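Since chain A is already given, all that's left is putting chain B on it; use the hints.
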Amino acid sequence: MTFHKGQVADRIMGMVLIGLAAFVAVQALRLNVPFSYDPVGPRAFPLGLALLLSMLALVLVVRPGESGEWPHRAMALRLLAVLAILLVYALFFTRLGFVVTTLLAVVALARLFAAAWAKALVTGVTMALGSYFLFTRGLGISLPVGEWLGALL
Amino acid sequence: MFDFLVQGFGVALTPLNLGLAFLGAVLGTLFGALPGIGPINGIAILMPLAYTLGLPAESALILLAGIYTGAEYGGRMSSILLNVPGDAGAVMSTLDGHPLAKKGLAGPALGISAVSSFVGATIAIIGLTLFAPLLAEVAVMFGPAEFFALMVFAFASMAVMMGKDPVKTAIGAVLGVLIGTVGVDSSTGVLRYTFGLAELYDGIDFVVMIIGLFAISEILLMLEHASRKNGEDGVPRLGRVFVTLKEVLSCKGAMGRSGLIGFIIGVLPGTGASVAGAVSYTTEKRLSDKHGTFGQGDMRGLAAPEAANNAAAAGSFVPMLTLGIPGSGTTAVLLGALMLYNIAPGPTMFVDHPEVTGGLIASLYIGNLMLLALNLPLAGVFARVLTIPRWVLVPGIAILSFVGVYQLHSDLTAIYLMLIIGVFGYLLRKLGFSLAPVILGYVLGGLMEQNLRRALSISGGEIEVLWRSGISLGLWIAAAALLIVPWLLPKLFKARLGRA
Numbered sequence: 019m020t021f022h023k024g025q026v027a028d029r030i031m032g033m034v035l036i037g038l039a040a041f042v043a044v045q046a047l048r049l050n051v052p053f054s055y056d057p058v059g060p061r062a063f064p065l066g067l068a069l070l071l072s073m074l075a076l077v078l079v080v081r082p083g084e085s086g087e088w089p090h091r092a093m094a095l096r097l098l099a100v101l102a103i104l105l106v107y108a109l110f111f112t113r114l115g116f117v118v119t120t121l122l123a124v125v126a127l128a129r130l131f132a133a134a135w136a137k138a139l140v141t142g143v144t145m146a147l148g149s150y151f152l153f154t155r156g157l158g159i160s161l162p163v164g165e166w167l168g169a170l171l
Numbered sequence: 049m050f051d052f053l054v055q056g057f058g059v060a061l062t063p064l065n066l067g068l069a070f071l072g073a074v075l076g077t078l079f080g081a082l083p084g085i086g087p088i089n090g091i092a093i094l095m096p097l098a099y100t101l102g103l104p105a106e107s108a109l110i111l112l113a114g115i116y117t118g119a120e121y122g123g124r125m126s127s128i129l130l131n132v133p134g135d136a137g138a139v140m141s142t143l144d145g146h147p148l149a150k151k152g153l154a155g156p157a158l159g160i161s162a163v164s165s166f167v168g169a170t171i172a173i174i175g176l177t178l179f180a181p182l183l184a185e186v187a188v189m190f191g192p193a194e195f196f197a198l199m200v201f202a203f204a205s206m207a208v209m210m211g212k213d214p215v216k217t218a219i220g221a222v223l224g225v226l227i228g229t230v231g232v233d234s235s236t237g238v239l240r241y242t243f244g245l246a247e248l249y250d251g252i253d254f255v256v257m258i259i260g261l262f263a264i265s266e267i268l269l270m271l272e273h274a275s276r277k278n279g280e281d282g283v284p285r286l287g288r289v290f291v292t293l294k295e296v297l298s299c300k301g302a303m304g305r306s307g308l309i310g311f312i313i314g315v316l317p318g319t320g321a322s323v324a325g326a327v328s329y330t331t332e333k334r335l336s337d338k339h340g341t342f343g344q345g346d347m348r349g350l351a352a353p354e355a356a357n358n359a360a361a362a363g364s365f366v367p368m369l370t371l372g373i374p375g376s377g378t379t380a381v382l383l384g385a386l387m388l389y390n391i392a393p394g395p396t397m398f399v400d401h402p403e404v405t406g407g408l409i410a411s412l413y414i415g416n417l418m419l420l421a422l423n424l425p426l427a428g429v430f431a432r433v434l435t436i437p438r439w440v441l442v443p444g445i446a447i448l449s450f451v452g453v454y455q456l457h458s459d460l461t462a463i464y465l466m467l468i469i470g471v472f473g474y475l476l477r478k479l480g481f482s483l484a485p486v487i488l489g490y491v492l493g494g495l496m497e498q499n500l501r502r503a504l505s506i507s508g509g510e511i512e513v514l515w516r517s518g519i520s521l522g523l524w525i526a527a528a529a530l531l532i533v534p535w536l537l538p539k540l541f542k543a544r545l546g547r548a
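These protein sequences, in sequence, are chains A and B.
Numbered continuously in the working numbering, the first sequence closes out at residue 171.
Numbered continuously in the working numbering, the second sequence closes out at residue 548.
Think of the hints as simulated: they come from the structure by calculation, not from any bench.
Careful, some of the hints might be misleading.
[Claimed, not checked] Computed list of lysine to any residue pairs in SDA-like fashion (alpha-carbon distance at most 25 Å, straight line): (1) B:Lys151 <-> B:Asn131; (2) B:Lys478 <-> A:Met93; (3) A:Lys137 <-> B:Leu271; (4) B:Lys478 <-> A:Lys137.
[What the hints assert, rightly or not] With the C-beta cut set under 10 Å, the calculated list includes, among others, these residues of chain B facing chain A: (5) Leu226; (6) Leu239; (7) Phe450; (8) Ser458.
Computed from a prediction, not measured in an experiment: that's the story for all the values here.
Note that CB positions come from ideal geometry on N, CA and C, so glycine has one too.
Looking at chain A on its own, in the form it has when it is part of the complex (with noise of 0.2 Å):
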């Protein structure tokens, strides 16, 4: 039997399946039910979605289809750079404040999407401060201007 490079990924996602339908039937065994005139209860129906849910996956690690092609090395590592900029614009969005977040993200992001140093700064810089009069004066959201400079000021 050969095996694809699909098929692989397949097989471990219906295994992935499995263990998370066991994980769901067991949370919902211990399920603490107050009485109730439902005759159903909060149980059933996530027992019923595992039960289907770990047959599903039960065809897929015996029968597994073909997937996409998986990133290499050097494409994976500029995924998780993505990751890494979201995630750190995420921790300092209120902290440091919309705009300087903002600036900062969009020109890391425009980087690493191949764009020069110059249209870089400059995409930053005309999104960061465009998109902060639009949404705030323009459409009345209140964005964070940023704990850390305001204990500054």
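Leaving out everything else, chain B in the frame of chain A:
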């Protein structure tokens, strides 16, 4: 019988709603034109903003529906000019659209596709006007048991029709339903799958879910596709940007037939524009490709999928407005948007909220005219969207996603959750799952459980209530047939061949 439409035009023709329909048409065409961003992503990104503006439900829906229908128009741009489909519905438009552009007929190709989009959408909107009230009358007779059976039917139809792999479609739907069970159980107050996190008590927010699933995962995919062609190196010359009457008339059969096919496919729950485009193209090829010109740049081969995908978009409003069952992933998102306004999707919506349903249908007529008026002469302007580089597009999506989620509760947890869901969505897409079933499951799952439990409460736990009425029994049989027939047919054929 058409009171709702008269009332609807009253709603749709107010200056605010006309303006929103126009805005939706413009934004939708732009979103559709951008490679990778289709109607679902566009609506996901803009929905929180529409909600923040404090628009009434019908106005928000008119804006979002305008984006939906506009995106089906715009999807053709990159299909024709770059051979890269702008969204799933426009995949088939590349087959004859791009060869036309290579022949120097990009302008006429854009023109004919705008006209066929208009014809397809018009056929389907008329169909919607005629069928929706009839279906709504039947739907009012639905009780919880019938509603539960209807959802089973919807999921069965989705598993069979949507995507290449029924098992993966079904898994996606189950995952969506499971995500929907997170939070407090409304009838007993029991907390499910919250892991002690107070932020999860109300369940996973709809906006967080769709932005994570569609916008964040798209950012990751765009990075992988960064080497793929987009318009940064310039788009082909359009040539003349009008179509002749002769060209339009040569496609009239293709447009009419595909419009009907698209409408019917759109009405079926769970199937949308991409299926409609594929079915209409193959049908048209079989019927009218006498000289083997399809695939070489035949206008009819472009007109067929364009008419069909627009018709499917309008057709998918039929089950959404009358039964509360989305006909496509995008209408699932629209239905979720209505839930934010405390409008319970379901059979009574047509009767209880005529200003929403009628206003929406009327605005589809208006929006369709606007789209034709925008897309015929301005094709060249919209085509320039393709030249927006990814390094501008991606940060833009990121900002809109962050602001959209942050303004919900001014809370960072929602943003972290959005990122986690984004990674989950990316992995699913890489594994060959389509995201539409996930969102359909998420939207329908809660309603499905509620109706099941309500039905069984009324009957005192007797399970037969679920198939006692004629309607529900019919739906169960239809669902079973949908699942069994495609599996059985090839075996029957084989058996017969073996005997012969």
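Hint check results:
Of the supplied pair hints, the one linking lysine 151 of chain B and asparagine 131 of chain B holds, its CA atoms being roughly 13 Å apart against a limit of 25 Å. At most 25 Å may separate the alpha-carbon atoms for a hinted pair to count; lysine 478 of chain B and methionine 93 of chain A meet this at roughly 14 Å. With a C-alpha separation of about 18 Å, the suggested pair lysine 137 of chain A and leucine 271 of chain B falls inside the 25 Å cut-off, and the hint holds. For the hint linking lysine 478 of chain B to lysine 137 of chain A, the alpha-carbon distance of about 31 Å lies beyond 25 Å, and the restraint is violated.
Hint status for leucine 226 of chain B: holds, given a least beta-carbon distance of 6 Å to chain A, under 10 Å. A least Cβ separation of about 8 Å between leucine 239 of chain B and chain A falls short of the 10 Å threshold, and the interface hint therefore holds. Using the Cβ-Cβ criterion of 10 Å, the hint placing phenylalanine 450 of chain B at the interface with chain A is satisfied: the shortest such distance is roughly 7 Å. Given the 10 Å rule on beta carbons, the hint for serine 458 of chain B holds: about 7 Å separates it from the nearest Cβ of chain A.
Of the numbered hints stated above, the single one contradicted by the structure is hint 4.
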